[in-house]
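Student: For reference, the chains in residue letters:
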Amino acid sequence: MMNEIILNSHNKNLIKKKRFWNTSLIVLLLIGIVLSSKIIDTNISDLFNGITRLGDYISKILPSLELNNLFLGSKDQGSIAYWYFNISKYLKLLFETFNMALLATMTGSILALFLSFLAAKNTSPNSLLFFSIRRMLEFFRGVPEIIFAILFVWVLGIGPLAGIIAITIHTTGSLGKLFSEVYENSNNRPIEALKASGGNWLSEMKFGLLPQVLPNLISYALLRFEINIRASTILGFVGAGGIGQELYLVINFNYYEEVSAIILLIILTVISIDLLSGHIRKNIIGFDND
Amino acid sequence: MKPLKIKNLKKKFKDTLAINGVNLEIEEGKITGIIGRSGSGKSTLLRMINRLIEPSEGTIEFNDIIITEIKGKALRKWRSECAMIFQQFNLVDRLDVLTNVLIGSLGRSYSFLNLFGYFSKEEKINALRNLNRFELTEKSLQRAGTLSGGQQQRVAIARALMQKPKILLADEPISSLDPKNSKRVMDDMLKINREDGITIICNLHSLEIAKKYCDRLIGLSEGKVVFDGKPKELTTNISKKLYDLDDE
Amino acid sequence: MTNQEIVMLNPKIFSPLWKRSPIKIVVFLIIFSYLIFSIKYFNISITELINDLNKMKPILISMITWNDFLSWNFNSILVGILQTLAMAFLGTVAASVISVPLGLIASRQVIKINLFRFIIRRFLDFIRGVDILIWALIFVRAFGLGPLSGVLAIFVADTGTLSKLYSEAADNSDNKQIEGLVSSGSTKLSTIRFGLLPQVMPIFISQSLYFFESNSRSAVILGIVGAGGIGLQLSERMKAQYWDQAFFIIIIILIMVAIIDKLSRFLREKLIND
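Sequences listed follow chains B, V and X, in order.
The opening position of the first sequence corresponds to residue 1 in our numbering, with each subsequent residue numbered one higher.
The opening position of the second sequence corresponds to residue 291 in our numbering, with each subsequent residue numbered one higher.
The opening position of the third sequence corresponds to residue 539 in our numbering, with each subsequent residue numbered one higher.
Source of the hints: derived by calculation from the structure; they are not laboratory data.
Honestly, I wouldn't trust all of these hints.
To be verified - To list a few chain V residues with every Cβ distance to chain B over 12 Å, as calculated: (1) Gly348; (2) Arg369; (3) Asp383; (4) Glu498; (5) Lys520.
To be verified - Under the rule of at most 27 Å between Cα atoms (straight-line distance), these lysine-lysine pairs were calculated in the DSS-like manner: (6) X:Lys562 x V:Lys429; (7) V:Lys522 x V:Lys320; (8) B:Lys206 x V:Lys429.
No experiment lies behind these values; they were computed from the predicted model shown.
Cβ coordinates follow ideal geometry from the N, Cα and C atoms, glycine included.
Generate the whole structure from the sequences, applying the supplied hints.
Tutor: Put into structure tokens, the structure is as follows:
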């Protein structure tokens, strides 16, 4: 009898608590919406209008393909070749984009590898070094690559090099942090054995640590490559090379059909790189950080 | 050559004294067993000899060198002369057996090329010779992680021999092994002691094995030496005390 | 045993490296030749690069010397930060609202027709393939400069990802509760309402919170193409070479992101524990 009463009141308390949470969540949400709308000086109807007008825009950029003419030459309206009359330029830029991402991922991974040993609690030889490298990596990771790109376009001039350096820096930050977390979760015993046999710090890292974490590191680097492919498609917006430069141009000049042509190419590239890299991670390296 | 001298050694972890004033002289060429229940400070003592753990007080001396004061290169040289094997073998699972053994040479003769995985023919011959002593040559190119526990511990001993050590510290070398593999590992340690004259200091949990293989036994309890003598001098009474069996 | 006999025990060990591990050599060669290729391809001259990077020095110095700190326009920075947060919030809320029905119809638990689900999922993949900054640029072009374009960009980009995550959460929900309702003869809609939604709602909310967190980060850059917020303030100052103010804004952004991180993590933990 007594127990039942306690149980009941406990249940009631739980329900009350849940209700309290639900109501406060909704109230918070409403306050947030009202406040945010005020700040950016907009309202729900603007939002709705925007979404409907997006439909207009999309219908404009879609190519006017005609089934009968689909496979005709680039001078005939309604053909794929007409839609993609600029394909050789796109492919060239796409290739540049791909190479920007690949080179930046490689150099970024190598830099991250060296810095990460210093930025992990259990492998850093010196606490001052640990602290300063960590902060530096956090900064590199915290600042979006496009901000670095603006800076390096200013320093190096317009072109892919600015983009490569921007992505490299951001990659170094992200991977450096991820790598050092991998070390912190690694097995310390082989390192201890190397230390006990009189090995120096470098050989502790090379023989004690690297063999156990390498698959994990490569997998993270591949994952980063997927992200960098996306990033390198947009850096052209600020003049840092790649297909983004062309996309920026066609959007701004309202070359509607070219917009869809380029976006479709980007999506296909991104998706196929994702699939390929995912396949390598799962089947060849046998490691998946997803 | 002079014995390893431990003088008034203490180690404090936060507020517990793991080692509370140990004085010992360990003579060359013998097998010395350190016994006591877990938490008695055996492992801490061994690790301080190799300087994997820094003592809070006291000194360790060997060959007129004060081990507890050396740094950098000298410390690495000492560690290479004073090899260590572990309860969990501490091999690099993903590397092959041969490389695991070769790693032992790094403290003694390190070259920049080693970092690229290069080892000289001479060291490779050394490594194979050591593996051959423990009948492990045909496993040379297998990943260490694929070996049984007993085999892994013998690889670890081969690795220790690569250091050309004067002393071998063995921290609970057979605690994760079955009786058959335990015997094999202990026999191999006996072999390198008798054939190479390597001094062995060995933490052991099992009294029976300690009595069988060691020339001298040291009993630790709460960080203090409570017994020091020949195995036959260890009476049931003392061992009961050592393992705190009185309370049960 | 002589050395020769030892070698004969396992001669393979003593063969040259390219015979022992050819894969290592091949991988190394590929990476090396790719690096050579890309230096040629991008026309990178190391000496020139170092020279150019030397130009960074005055910029770095001016980043950290805040001479006329008190005269900076803090008001515009504050407004920028608030705008960015507001954009992230509204974009996430709008995307979450539309992602609930989208995610549900893309889920196995709700619609059993494979082809239909396949089409919806590919459509979502398609949306996700376009970077948020591309959306922002499109909206700026279509509706003009300002935060509304930013909100819409976040909304569209997030709808792609959130719907997919929502549908996966719904896929992984517990079947028994749903079957119980079906067997007692409830309608499809009420099965979803009482069998599925209560299970997945906490996951949905937690994922949306996580997205708010990551959106407050991506909303930062939307201003670069004119879609409002702190990014606009930042890129304007970078273009005008006010490196000191630009660096200040970057620090403010990092602090803002760190606070949102902590807050959202706290709320998500609270949510999951309840």
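Student: Now tell me if each hint is right for this structure.
Tutor: Hint-by-hint comparison with the structure:
1. Gly348: For Gly348 of chain V, whose nearest Cβ neighbour in chain B is about 20 Å away, the distance exceeds 12 Å, so it holds.
2. Arg369: Per Cβ check, Arg369 of chain V is inside 12 Å of chain B; nearest 4 Å; violated.
3. Asp383: violated (7 Å)
4. Glu498: holds (27 Å)
5. Lys520: The claim stands: Lys520 of chain V keeps its Cβ more than 12 Å from every Cβ of chain B (closest is about 29 Å).
6. X:Lys562 x V:Lys429: Between Lys562 of chain X and Lys429 of chain V the Cα gap is close to 21 Å, so the pair holds against 27 Å.
7. V:Lys522 x V:Lys320: Status holds; Cα separation ~16 Å.
8. B:Lys206 x V:Lys429: holds (22 Å)
Violated hints, listed in ascending order, are 2 and 3; each of the other numbered hints is respected by the structure.
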